[in-house]
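Colleague: The lines below spell out each chain.
There are 2 protein chains.
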Amino acid sequence: MQTPAPCGGLKKSPSQPNSPRKTPLPGSGIAPACFVPVKAQIMSTTFSDDVRQKLNFIFGRRSIRVYRPGPIPEEWVRILLEAAMAAPSAAAKDPWRFVVIRRPSTLHAVAEALPHGGFLREAVLGIVVCGDLEAAHDRQLSYLLQDCAAAAENLLLAAHILGLGACWLGIHPREDRIRRISALLELPRTVLPVAAVAVGWPGEDKPPRTRFEAAYVHFEKW
Amino acid sequence: MQTPAPCGGLKKSPSQPNSPRKTPLPGSGIAPACFVPVKAQIMSTTFSDDVRQKLNFIFGRRSIRVYRPGPIPEEWVRILLEAAMAAPSAAAKDPWRFVVIRRPSTLHAVAEALPHGGFLREAVLGIVVCGDLEAAHDRQLSYLLQDCAAAAENLLLAAHILGLGACWLGIHPREDRIRRISALLELPRTVLPVAAVAVGWPGEDKPPRTRFEAAYVHFEKW
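So the sequence lines, in the order shown, correspond to chains Y and B.
When we follow the working numbering, the leftmost residue of the first sequence carries the number 1, and every step to the right adds one.
When we follow the working numbering, the leftmost residue of the second sequence carries the number 1, and every step to the right adds one.
It is possible that some hints are incorrect.
Since the list can't tell identical chains apart, any single copy or any two copies may satisfy a pair.
[Unchecked claim] Below 16 Å or equal to it, Euclidean Cα-Cα: the simulated EDC-like pairs (lysine to aspartate or glutamate) are: (1) LYS93 to GLU213; (2) LYS221 to GLU186; (3) LYS93 to GLU134; (4) LYS93 to ASP132; (5) LYS206 to GLU134; (6) LYS93 to ASP138; (7) LYS221 to ASP205; (8) LYS221 to GLU134; (9) LYS206 to ASP176; (10) LYS221 to ASP138.
Worth flagging that the hints you see were computed from the coordinates, not collected in a lab.
Model the full structure from these sequences, guided by the hints.
Modeller: Below, the structure written as structure tokens:
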């Protein structure tokens, strides 16, 4: 660590000073190199470089909405889906279902159905994460949503590990979005679209960060 | 790869042959070394060792319900919470709240309130992931659940990276569990307990795996 440098995207909190530093990460070509000092401090005294790097890729996963053109290998799509389906699910019911979209006309149509989803037009790939209510534990919407969200987070993290950029676009619970996406993708009646994930080669660079807030943490009881 | 060895915990699917192999992972002391051959094949031809190892920690996160005794440093708890709060949330509202439980009497009481939660008694740490409905985007329960689930998944992955074992215990939408946990932790009226995460030193070893099912994947439309 030599020169403090500005580093955007950090939510300020009492525990996060204002001037994080640029720090090169040895051996990692993937995660952008920017640490919040307090975390770097903790990690440097407590964790090995290996663990520090792995943790950093959780903090380095950011919402990437600008993409460079370029193909994504077919087998990488498989890896993203394997990662998504490595998430835990309630009673291991795995109610998640996925619609992979590569055709530009379909990507445009999905973008059209989602406010703030314009950047999906530039993505190489869209993956709509759905849940089948008939498959969910006890047919509960709550479990369906939790299971699909855990799968979507795994998918985003895997994309980041592969050096791709991705962004979560909300669908559920907006009735109009659910209706339009369901019609567009011809989803069965019991299958609910929960979120769309846009994936492409990152066209913007965002530093790792946490939005940790000490006020959100309680001990033993509220 | 020399000798094929049995490797439990794999859900069989047409794309996953029955006899995965034990493969030592260079430089990683954390994730158990067991690959599904098809994935190892894909990865060995397409990804660097670095990326392969990082991906493997997503597949290596398993539900660990047996714990060895031993303290978890205070700053590691902070890292787990930083990882949880590095998840995306709808409109960045961050409705997640956390109750960290270390006192054995409280861990016992939480275990008592959760069916199948007995192993929480042996955990070093319990983190109850809650959501504040007043803080959620548009005060929607759906967003609250999705945001809390993404945070919980990050928490589980960070625990795994640190070499800890963890397991997700469902609370929402079970009315009786919500009522008992809310009373026990004295949660405010608008704060819903979503899940409890048990954390400790792993007392069981589970191989990496995905529950990937080709039938759950559709292309362009259903």
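Colleague: Does each hint fit the structure? Answer for all of them.
Modeller: How the hints compare with the structure:
1. LYS93 to GLU213: Between copies only: 12 Å across, 33 Å inside.
2. LYS221 to GLU186: between (46 Å within a copy, 6 Å between copies)
3. LYS93 to GLU134: within (10 Å within a copy, 30 Å between copies)
4. LYS93 to ASP132: within (10 Å within a copy, 27 Å between copies)
5. LYS206 to GLU134: For LYS206 and GLU134, neither the intra-copy (39 Å) nor the inter-copy (29 Å) Cα distance is at most 16 Å.
6. LYS93 to ASP138: Within one copy, since 9 Å is at most 16 Å while 29 Å is not.
7. LYS221 to ASP205: neither (39 Å within a copy, 32 Å between copies)
8. LYS221 to GLU134: neither (36 Å within a copy, 19 Å between copies)
9. LYS206 to ASP176: neither (32 Å within a copy, 43 Å between copies)
10. LYS221 to ASP138: neither (30 Å within a copy, 27 Å between copies)
Checked against the numbered hints given earlier, the structure breaks hints 5, 7, 8, 9, 10 and satisfies all the rest.
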